[in-house]
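Protein chains in written order, with the numbering used here: chain A, 1 to 95; chain B, 1 to 194.
It cannot be assumed that every hint is accurate.
As the list claims (entries may be wrong) - Simulated restraints on C-beta separations: (1) GLU20(B) to GLN68(A): 38 to 46 Å; (2) PRO94(A) to ASP24(B): 49 to 57 Å; (3) ALA78(A) to GLN172(B): 30 to 38 Å; (4) PRO57(A) to GLN172(B): 19 to 27 Å.
Rather than coming from a laboratory, the hints here were simulated on the basis of the structure. Even glycine gets a Cβ: it sits at the ideal position worked out from N, Cα and C.
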Amino acid sequence: MIPPRFKTGDRVRVMKSYPPGHLRTPYYIRGCEGEVERLCGAFPNPEELAQMRDGLPAQPLYRVRFRQSEVWPDYRGAAADVVEIEIYQHWLEPA
Amino acid sequence: MGGMAAGRVEPTEHDYEEWERRVDAMAVLLWGLKGTKKLMTVDEHRRAIESMPPEAYDAMSYYERWVMALAQCLLQRGVITTEELARRMAGAAGSRSHHDMGGLPAKRVKPSEHDYADWERRVDALAVLLGSMKILSVDQRRKNIETLPPEAYDALSYYERWVMSLAQSLIQRGVVTSAEIARKMLEVEKRDPA
Chain A
1 MIPPRFKTGD RVRVMKSYPP GHLRTPYYIR GCEGEVERLC GAFPNPEELA
51 QMRDGLPAQP LYRVRFRQSE VWPDYRGAAA DVVEIEIYQH WLEPA
Chain B
1 MGGMAAGRVE PTEHDYEEWE RRVDAMAVLL WGLKGTKKLM TVDEHRRAIE
51 SMPPEAYDAM SYYERWVMAL AQCLLQRGVI TTEELARRMA GAAGSRSHHD
101 MGGLPAKRVK PSEHDYADWE RRVDALAVLL GSMKILSVDQ RRKNIETLPP
151 EAYDALSYYE RWVMSLAQSL IQRGVVTSAE IARKMLEVEK RDPA
């Protein structure tokens, strides 16, 4: 297992990249900044599992919280609204 | 596209760009020179070109398609990982994959209860069994759903996409061959409908 780089409360930015392959990081969240809500554990990398390899060492997976108003420029809901997305560590950088 | 309606072909002479020569050279090297390691086959490369989404296929030039297919093949072979490629490509513009529709305009979702058809339960069971036999992974199934041509993706129902993906996965794993499926499909077609 790859050691976790982040802890709850850390500010992180999602890598803004669009490679080919099986990606679990939604298109709309790439490049956005959020806060680690929790570490969910570590799991084999799905990008590698999709190619029938073992995906090891396991990648830490985080639940990351984003402000809706920062994700969508025309967001009209409450300012406190958030979206939480589970993102693998290799897609995150310290913000 | 053989046999389809098309405009007149204008034959012209043209020179290759430097990057095009480089892409060609790289592909030839990966296909394997005599006595070197073969990192991909010509047909693997062709298959990757042919399975590009139609829109991307039409928008790209000949060698642009080669580049995309090389990346795809190197990922499949594990020569490079998606993670490595993602890091190197960070900051570059990119397009949304057809299935990745979060944030796109859409109609209101109407939640409703529904029962599964018998064949849908069977497809689900088959996928779970193939998974427990380690013949298929959930992510391979997802990958093959995500790479359906957009038109097919939109036209098929949820479990119809699963069926397409299962067939693709079984071919990739060498459990069945394209020729075997072709033969069986012909047999089914000839079956007495009664």
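Evaluated hints:
1. The hint said 38 to 46 Å for the Cβ distance between GLU20(B) and GLN68(A), and at roughly 45 Å that hint holds.
2. Range check, PRO94(A) to ASP24(B): about 41 Å between beta-carbon atoms, so the 49 to 57 Å window is missed.
3. Taken as a hint, the range 30 to 38 Å is violated for the pair ALA78(A) and GLN172(B), whose Cβ atoms sit roughly 46 Å apart.
4. In this structure, PRO57(A) and GLN172(B) meet the distance hint of 19 to 27 Å, their C-beta atoms being roughly 25 Å apart.
Hints 2, 3 from the earlier list are contradicted by this structure; the remaining hints agree with it.
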